[in-house]
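Engineer: Single-letter residue listing:
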Amino acid sequence: MSKIIDGLYYSESHEFVKVEGDFGYVGITDYAQHELGNVVYVDMPEVDDEVEAGEDFGAVESVKAASDLVSPVSGTVVEVNEALEDEPGLINKDAFENWIIKVELSDKSELDNLMDAEAYKAFIGE
Amino acid sequence: MNYKFFPHTQDDVKQMLDKCGLKSLDELYKDIPEELQFKRDYDLPRAMSEIEVRNFFNDLAMDNTALKCFMGAGVYDHYTPAVVQDIVNRSEFLTSYTPYQAEISQGTLQYIFEYQSMMAELTGMEVSNASMYDGCTATAEAMMMAVSNAKKRNKVLISETVNPFVTRVVLTYAKFHGIDVEFIEQENGVTSRADFEAKVGADDVAGVIVASPNFFGILEDYTGWADFCHEHKTLFIMNCPASALSVIKTPAEWGADIAVGDGQSLGIPMNFGGPYVGYLCTSKKLIRKMPGRIVGATTDADGKRAFVLTLQAREQHIRREKATSNICSNQSLMALFVTVYMSLMGKQGLREVNEISYSNAHYLANQLVKTGKFELEYPDKPFLNEFVVKSTLNIDDLLSWLNQAYAAGVPIDDDKLLMCATETVSKEDIDDLIEAINQFIEEGEEDNNNE
Amino acid sequence: MNNTFYGKLIFELSKEGRKGYSLPENKLAEYKLNDLPDVLKRQEAPCLPEVDEMTVVRHYTNMSNNNFGVDTGFYPLGSCTMKYNPKINEQMCALPEFTGLHPLQDEENVQGALAVYYNLQRSLSELSGLSEFTLNPYAGAHGELTGLMVMRSYHLANENPNRVKVIIPDSAHGTNPASAAVCGLEVVVVKSRPDGTVDVEDLKPLLDENIAGMMMTNPNTLGIFEHNIAEIAKLVHEAGGLMYYDGANLNPMLGKCRPGDLGFDIMHINLHKTFSTPHGGGGPGSGPVGVREGLEKFLPNPRVTREEIADDIYWYHIDDCDDSLGSISGFLGNFGVMMRAYAYILTLGKDEIKNVGPLAVLNANYVKESLKDYYELPLDGVCKHEFVFDGLKDKSTGVTTLDVAKRLLDYGFHAPTIYFPLLFHEAMMIEPPENESKETLDEFIEVMKKIAIEAKENPELVKTAPHNTPVRRLDDTKAALKQIVTYRELLSVDEL
Chain C
76 MSKIIDGLYY SESHEFVKVE GDFGYVGITD YAQHELGNVV YVDMPEVDDE
126 VEAGEDFGAV ESVKAASDLV SPVSGTVVEV NEALEDEPGL INKDAFENWI
176 IKVELSDKSE LDNLMDAEAY KAFIGE
Chain B
-12 MNYKFFPHTQ DDVKQMLDKC GLKSLDELYK DIPEELQFKR DYDLPRAMSE
38 IEVRNFFNDL AMDNTALKCF MGAGVYDHYT PAVVQDIVNR SEFLTSYTPY
88 QAEISQGTLQ YIFEYQSMMA ELTGMEVSNA SMYDGCTATA EAMMMAVSNA
138 KKRNKVLISE TVNPFVTRVV LTYAKFHGID VEFIEQENGV TSRADFEAKV
188 GADDVAGVIV ASPNFFGILE DYTGWADFCH EHKTLFIMNC PASALSVIKT
238 PAEWGADIAV GDGQSLGIPM NFGGPYVGYL CTSKKLIRKM PGRIVGATTD
288 ADGKRAFVLT LQAREQHIRR EKATSNICSN QSLMALFVTV YMSLMGKQGL
338 REVNEISYSN AHYLANQLVK TGKFELEYPD KPFLNEFVVK STLNIDDLLS
388 WLNQAYAAGV PIDDDKLLMC ATETVSKEDI DDLIEAINQF IEEGEEDNNN
438 E
Chain R
7 MNNTFYGKLI FELSKEGRKG YSLPENKLAE YKLNDLPDVL KRQEAPCLPE
57 VDEMTVVRHY TNMSNNNFGV DTGFYPLGSC TMKYNPKINE QMCALPEFTG
107 LHPLQDEENV QGALAVYYNL QRSLSELSGL SEFTLNPYAG AHGELTGLMV
157 MRSYHLANEN PNRVKVIIPD SAHGTNPASA AVCGLEVVVV KSRPDGTVDV
207 EDLKPLLDEN IAGMMMTNPN TLGIFEHNIA EIAKLVHEAG GLMYYDGANL
257 NPMLGKCRPG DLGFDIMHIN LHKTFSTPHG GGGPGSGPVG VREGLEKFLP
307 NPRVTREEIA DDIYWYHIDD CDDSLGSISG FLGNFGVMMR AYAYILTLGK
357 DEIKNVGPLA VLNANYVKES LKDYYELPLD GVCKHEFVFD GLKDKSTGVT
407 TLDVAKRLLD YGFHAPTIYF PLLFHEAMMI EPPENESKET LDEFIEVMKK
457 IAIEAKENPE LVKTAPHNTP VRRLDDTKAA LKQIVTYREL LSVDEL
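Protein chains in written order, with the numbering used here: chain C, 76 to 201; chain B, -12 to 438; chain R, 7 to 502.
If you're looking for bench data, these hints aren't it; they were derived computationally from the structure. One or more hints might be untrue.
Stated by the list, open to error - Keeping only pairs whose Cα atoms sit at most 35 Å apart, straight-line, the calculated DSBU-like set for lysine-lysine is:
1. R:197 - B:26
2. B:276 - C:78
3. B:1 - R:93
4. B:1 - R:484
5. R:484 - B:138
6. R:210 - B:291
7. B:271 - R:488
8. B:26 - R:484
9. B:291 - R:401
10. R:484 - B:-9
11. R:462 - R:484
12. C:78 - R:401
13. C:139 - B:276
14. C:168 - R:462
15. B:276 - C:93
16. B:357 - R:38
17. R:93 - B:368
18. R:488 - B:138
19. B:26 - R:488
As the list claims (entries may be wrong) - A few chain B positions that, by computed beta-carbon distances, are all more than 12 Å from chain C:
20. -10
21. 34
22. 45
23. 78
24. 190
25. 295
26. 298
27. 301
28. 356
29. 363
30. 434
Claimed, not checked - Ranges of calculated distance between the beta carbons of each label pair, as one might list FRET restraints:
31. B:272 - C:154: 36 to 46 Å
32. R:24 - C:154: 54 to 64 Å
33. B:46 - R:216: 30 to 40 Å
34. B:272 - R:192: 24 to 34 Å
35. C:123 - R:299: 47 to 57 Å
36. B:367 - R:36: 40 to 50 Å
37. R:30 - B:367: 37 to 47 Å
38. C:82 - R:195: 28 to 38 Å
39. R:44 - B:357: 26 to 36 Å
40. B:270 - R:500: 15 to 25 Å
Source: prediction; values computed, not measured. Quick reminder that beta carbons are idealized off the backbone N, C-alpha and C, glycines included.
Throw the hints in and build the complete structure from the sequences for me.
Structural biologist: Structure below.
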């Protein structure tokens, strides 16, 4: 049974957004890390790159699978989680704690298109 | 139906059909609409016995003429020690599949690891992939790697001194992949520094491809080129024949980001063009952009050191259209070939091969000039085993005169010949060639006198 | 193959001053490589091993003993057609009159080699029903790329630059979309129906004016013959697209069906699958590309052509064509591989080659019928050269397809292709080529049944397999995280 945290926003491609003020922390959900298996690499954008809702911004790789990261929100990347460069397996330890990028949100109304915890729980059938 | 490759007896076929609830082999194809089935006999020769097959190829062999080779242009006649072919022919290597099942493929995985280690040593680079089709396609892959790495740049430069057999493949890949390729001009046989700086300085170039030795055999001086590229966020890509790297300045020493080329010069027979082996080496930082397979070290469940295909999530069977390349094989057996070759030759043997080739080529060049009909096209440029001569003789006629015994070189213009010498020719062979050329000159003079 | 792990690296056998080669004395030593300017010379010698000749021989011989090959045992590998590699082919391709040829030698001196190239090309045409072939591509994926370049060139020549979409079934080999991407084309996926064939209704709306063509393999990766192929080809052609045939699954067609007769316009053939050339642990392969009449001018340069200079006397030429898509290889491809394939075709001849397909298909159906009570068969009915099980029938044991595959290694068989096609979670794709005898298949069937029983009675035994191989299951995650890919790096770490 996957962990789901109340108060976050969820996408159908299994990313989450945790909003703090004008910023959003984006990562993959616990369900997604479980499906992927041991994460061995996270391909991340650079600070100042623009991301757009629905567009790829990187990828997560496990030994035998790879999954594109689709941004649930639009905005500018203000920080990337550099700890993942040395230890990508942190995502398996705690996917919500180990977000991937911090984005300055350009359009907060986009959050309305995402699921809340309850809807996401139903979506993954748990 | 009983044939040496088909073990099925009539009785076997019947029992097997019974198991499937079928009456005839034709029923196995009943789902294919009648009109789409192939009903006649193939228009092919009758089956041949092994004796007939052997005779057939032996007859064809007589339509080929093996010649003393003074030809290079990317393919070099180096000696293959007997051990190499013997090892490569071992059926445990020859008839094995790609080493996906690592537990029963340690032989293959281990030699690929050795191959990667040796290619990294030769080029000086940090990592190597498990090998590629040939040097031409490896260079095209390096170009695509540079563009993918640059993200927003779509232009690659290639020097006019790069082997045209390589360049034409690069241009084909570029055309379809949608990459702009521009040439860097050559001046007196080497890449123009001024043109290079002007074009890279425009800050829209993903990668630059140069060669050393270049197509004309010249060893180019690239001091400062890699730094200039890096200042402009451009990758510096070098194409070099593998064997030469044991003695000439390496791509890593020049500061290159990607080293590519053909490994044929590591003792692989010329094979009328293939199979050869392409190599592609790069820095650790670019490892995930690298096409093709990679073998890495790990441990098994008992903690034993062993080897396995790794970083597969970059590859086509997982990433499909987002893969770094569509390549899904390596030239594994040819990688084994050059690995065994390098194991035998070691650092000293490879050096000696290049020293003898150097001596032979320079002697040949001198003797040609002495005939009075040849001069070096680039007399002030250093070369290793290959050079361009300009001649007052008719090159076509000369080559026809020689071609019962010699592959005397590759004509690159009406009056220019690209010639090469390796350790497989002796001083006597060179003297014989020069004598044959002198005879041609004398005949020509007699003809002139008769006219 | 033996089960004693060897495991040493050649570098670990090296000792300074040993050598494994001999070269003639340099009689021209007055010409010194050392005279090259310092700036052009390598500063430090490469760290290559220094070993004597016999040590090299033993090292690689011992290493080979840790390898499984077709000569060792049966490979039920789906879509890989691991057939026997005849020995006569190896001897013919090693004839020095062929191996000693430089690719740029004068035409006059290579007529025998060009005859092999030309006649193999003609044989493939007859076997596939397509008019002309190039043998230049080095492998199947390279053939796909070349074939797609032909497709693109055709549309460009017809002034249709916007035709950039390639339709690919969701069951296709991963190389198909990857090759399309390298060729600068866009991939559009068409769904499969529950019976595994292309959903024609799903296809129709995809056929617009931007379609370049469609890539298919037939039989598909589930071993099912696409019986709607004529209709699919018609629809794609009416929409202005071309049909591409992925020849990975050509083997069952030999003797029974030709891609050209099914409406395909372009195809590649894997000589290392259908035409018996060895896989060599991953290559060299060869991926000839054939095209329908009218497309041959787009094939890559150089081309080999034939001229009749007297009655039944021919002269072969190496030509370039102006309309060609360009060059995709240094010279004329993997010539050594072509020699083997041609020897194979001559050996079988018209009489025997037609039995290849039916016997391969018989073998596949026999194995399928014998095991379907033990393994989940999602698609029943007659298959072609291969079929797919969706794991064990009894899913309660927790034993996965990977476990079954690894346990097979203990019993001396190679594993099937696993987790492909992606349509099934526990896919296990089995292809027994025509060379395998009923006895071998019976042994395989018995072992597969035994593993199914073990999965119930002693699941741990299967989950921790293999037990009798030179090494046990490997830590893939460690390999990916540590990224130790050279001996130098291996030396730099304290422990793995």
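Engineer: Can you name, in rising order, the numbers of the hints this structure does not satisfy?
Structural biologist: Of the numbered hints, 4, 6, 8, 10, 17, 19, 25, 26, 27, 31, 33, 36, 37 do not hold.
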